[in-house]
Every structure is written in C-alpha cells, then in structure tokens.
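If you want the building blocks of each chain, they are given just below.
There are 2 protein chains.
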Amino acid sequence: MPLITYQTLHPGLSIDCVIFGFYQKEIKVLVLKLKNFEKWSLPGGFVDQTKDVDDEATNILKRRTGLKNVFLRQFHLFGDVKRNSDAHINALFNSKIIDNDSLIWFKQRFVTVGYYALIPFSPSQIFTPDNLSESCEWRSLKDIPEMILDHKEIIDSAHKTLKKELNYQPIGLNLLPEQFTMSELQAVYETILEKPLDRRNFRRKILNFAMLIPTKKQRVGGAYRSPYLYQFDLDKYHLALQNGLSSGW
Amino acid sequence: MPLITYQTLHPGLSIDCVIFGFYQKEIKVLVLKLKNFEKWSLPGGFVDQTKDVDDEATNILKRRTGLKNVFLRQFHLFGDVKRNSDAHINALFNSKIIDNDSLIWFKQRFVTVGYYALIPFSPSQIFTPDNLSESCEWRSLKDIPEMILDHKEIIDSAHKTLKKELNYQPIGLNLLPEQFTMSELQAVYETILEKPLDRRNFRRKILNFAMLIPTKKQRVGGAYRSPYLYQFDLDKYHLALQNGLSSGW
DNA sequence: ACAAAAGTGTTATTTCTACACCCATGC
DNA sequence: GCATGGGTGTAGAAATAACACTTTTGT
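Residue numbers (my numbering), protein chains in the order written: chain A, 1 to 249; chain B, 1 to 249.
The reader is advised that the hints may include incorrect statements.
In this list, chains with the same sequence are indistinguishable; a pair is considered to hold if it fits within one copy or across any two.
Stated by the list, open to error - Pairs of lysine-lysine, DSS-like flavour, derived with a Cα cap of 30 Å:
(1) Lys-152 to Lys-142
(2) Lys-82 to Lys-107
(3) Lys-236 to Lys-39
(4) Lys-82 to Lys-68
(5) Lys-160 to Lys-96
(6) Lys-216 to Lys-160
I should point out that these hints are in silico values taken from the structure, not numbers from a laboratory.
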C-alpha cells in the first residue's frame, strides 16, 4: 500500500508550516528529520481534494507533529519552478522514503502554500512525529539545519512576514506562559525584531495598548529582584488581533 | 483543437488578477465579460508547468487584457472547496465557452492565487481581450457586476489588502499622471481608505515622506484657482516601496 | 559588598489632530 | 460678486526617543 492515497489529493499542491516558538531569547522553529535522510524539513503535506486548504494546513500540522488547535496564518505561495528538484526526489527514493508507487506523485512539479504560527515553547515538549519522520525538534532560527528544497527560504520569508505583522498586531499570547514579566515580553519583541529596545519606552508603549493586566504577584524564586507578573486581557487581545493596532491613516 | 493545451498546465491551480485603477474619485476594477455568458470574471488563467507562478500572473494578464509590464503583487491563495461549482462549469459548457475536450479540465477542483496591481486609468483605454471574452472594462468597485465563482470575494480581499498596505507603502505612482496636484493624490487615499482626510494634515504627512518633488508649475485651464503640480521622486519612491514607510518598532 | 536584574520619571522632539481664513479663477 | 477649489499656520495633545538612579535579591 502506498504511503498516501494519491487519488484523493490535490495534484501539485503542498503545504508547509513554519511553527515559531520562543525560548531563552531565541526564536525557535519546529523542524522534522526524515528517517534515513540527512536533511530536515518543515512539517508539510498535501491537500485533500475535498477539504479547504486552510483547514488542511491545521490537519497536516497535527498529523506530522501531534500539535492540535494551532491557529495558522497563510502568508505566501511559493511557486517558482526551480524550487522543485528531481535530484531531491531521487535522493528520497534512494533512501526508501518514497516507494515506487509514490514516485510519480512526487515527481510532479509542486507549488507550496506557506503557513506560520506561534506556539508555546517548552523545552521538554514531546512531539509525536508521523512514521516517516525520525524526530521533530525545535531549532533556533539562527541555527537551522540543512533543509530540503526551499524550506530555508520559506522559514526566512515567514520570519520577515512576522516582523512586519508586529507593527499591526499584538503578539506574545501564544509564546509566553499565562503570566509573564515585562522583560520576558520585551525579549520576545527584541528577538523577533533582532534589535534592542529601551526598557522604559517599551513598557510605556505596551501598556498604552491596554492589553495587559498587571497582577500584583511577583515571580518567585528567581535570582535578583522579583519582577511583577502580567497577563493578557484576552478580550482586548483578540479584538486587537482582528482590528489591528493603530495603523497610520 | 482544445482551447488550451492542458497537458502542459499545472493541474488544479489558477491565477486571478485584480487590477485597480482610479478615476473621478472612484476605484475601478478591470473585469472581463465572457462571450454568451451573463456573468463577469477577473482576468485569470492557468499556470504553465515550466513557468514560475509569479511570472505566469504577468503573462496571463497580458494574454487576457493586453496589459504589459504590470507589476503584480501576490496577496492570497483562495483554497476553499466550495469556491468550485459544478453548476458554474456546466453553465459555461452550455454556453459553449468550454468544449467537450476541456470539460474534464475545468471540472477539477481549483485553487486560485490572487494578485493585484495598480495601473493608470484612462477612460478611453482600449483593451485587447482574448477571444473568449466579449469585452474588458473598468467597473467601479462600488458597482461590480455579477461575477463568476468567488471573484467578488477576491476583489474585496484585494481591496482590504490594499487598504492595509497603504500604511507601509507609498502609492499613487501608477495611478496618477506624471504630474498631479495634492488634491488628486489625496483623493486616491480617500477613495481607497473610504474616508475623508484633512487637507492640511494630509499635505504635511505626505510631504514628510520626502517622496514628492514640488514643481513650480500649476495646472492650467482648470476652473478656479490653479493648483501646484507635484511629481514623485522615483528613487525615493522605489526605495520606500522596498523598505516600507515608518513602521512603528 | 557586590553583581545582576527590576522598578521608575523627565525632558526635548516629533507627530497628530482639529480647526479658519484669505486667494485665485471662471462664470 | 459669488461660488468653488486651493493655499497656508497654529495650538494643544499625544507619542517618541534619549537618558540614570535607586531597589531588591542571591551569593
């Protein structure tokens, strides 16, 4: 039996997901390692003819990583001819990742739709990769392993999109624990933007968005002075996600 | 001979272009009317397997409307299942727009990539529609005729994207003649944003972008006081297109 | 005591918003 | 002369950018 029932799939169309996490002042990206293959890949897959593409993105992510209920944002269609590579497919075939029946499917020219999402990171998190994949790991954006096809460019494009979106949309809800310190939130911004921000100005600007609820609690146990904890006002956060932040015109 | 050599086309993938123009304080959209068919459509088409999707968008636009050298921006992939409609394809078949050989091609499930562009409007402009189409016309965004499939939603989505892009990118170069008055530029913004702007504040803000060159000339012949003419500083305009305008963080 | 992170406020500059009067032109 | 659109400035409010000292805590 072939790996996939190709008859029901949308031909020449794939989906790739760039899943961002955040840990210790680094942006992490979720990548999969195929069995018997030296390169890594994004969690991706194909589109069932009977399902909406956006829904399939969610389904694929779940199938390949075990992640559920992730809100994915479509950001670009990658449609260059040269993104396909016969050499790559042959290598997959030689590594027995693709069987004979599947070869004709994989040798098609593919275009792929990129989706990205931000999810909570936990270093001990266990993913349940599909049985094609040997492992599913977080890797630092600065330290992405060798990726198949144009997956590195897809990651870079997603990061660029995210940087831009930061100007219109709130961020952090999915990247941080429920309660977090101002410094932690600032670190998220600094990391994504790849530049340092002034502590006092950051605090003022973020608080002006009126999306944060200061709790009177403080982070216990850490070294040095205990910082205050904040949490998001979920209503206002989601409202801002929909309407965007102050925009200009 | 079938209309298209389907063997060389990427299956299940189409492109639709939303071409915006601007005239008399209205946003115009370029739409095509098929022969023997009561509904209108966006200029769109299929993707050759051997060509980049982005390039094919330009090619398709030229083929269907005669427009050359238009810079198209990809903005969304429309991939819902329900956007396809057997009834629609049957209607096209009954109207002899699709022949027997083509039917199997058109009955596929399609996803479509949306592109948009802003081009100069001239009321007397002659388009050279392909021979499937009866005419190619500018229609007001407020007065879009009945469109096939989800083309109306594609137009609305493009407009929404454009509104958002206005905060990051300069606009007007392709929509206005080489020299234009401040009021004309303001009208472009007001029309796209669908809201009035203060004349003096608009002027100040736009001039702060440092993309406009004031000519000392004035528009001749018009009624009432003669306005000054401006033109874009092309270098700075294109720089701003690439880098975006002031963004926030 | 000291090293490291956290809390906090002011000032100067820039940007934003709201608003009104006079000018040029064609009729 | 009048209707219409075009040109221009200011004052108050808000946002931004730059900047330093004190407090808490663990070692």
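Outcome of the hint check:
1. In this assembly of identical chains, the alpha carbons of Lys-152 and Lys-142 lie at most 30 Å apart only when taken from the same copy (11 Å versus 42 Å across copies).
2. Proximity of Lys-82 to Lys-107 under the C-alpha cut-off of 30 Å is found in both arrangements, the shortest distances being 13 Å within a copy and 28 Å between copies.
3. Taking CA atoms no more than 30 Å apart as the test, Lys-236 paired with Lys-39 passes in neither setting, with 42 Å inside one copy and 42 Å between copies.
4. Taking the shortest alpha-carbon separations for Lys-82 and Lys-68, only the inter-copy value of 24 Å comes in at or below 30 Å, while the best intra-copy value is 33 Å.
5. Taking CA atoms no more than 30 Å apart as the test, Lys-160 paired with Lys-96 passes in neither setting, with 35 Å inside one copy and 46 Å between copies.
6. For the homomeric pair Lys-216 and Lys-160, neither the shortest alpha-carbon distance inside one copy (36 Å) nor that between copies (41 Å) is at most 30 Å.
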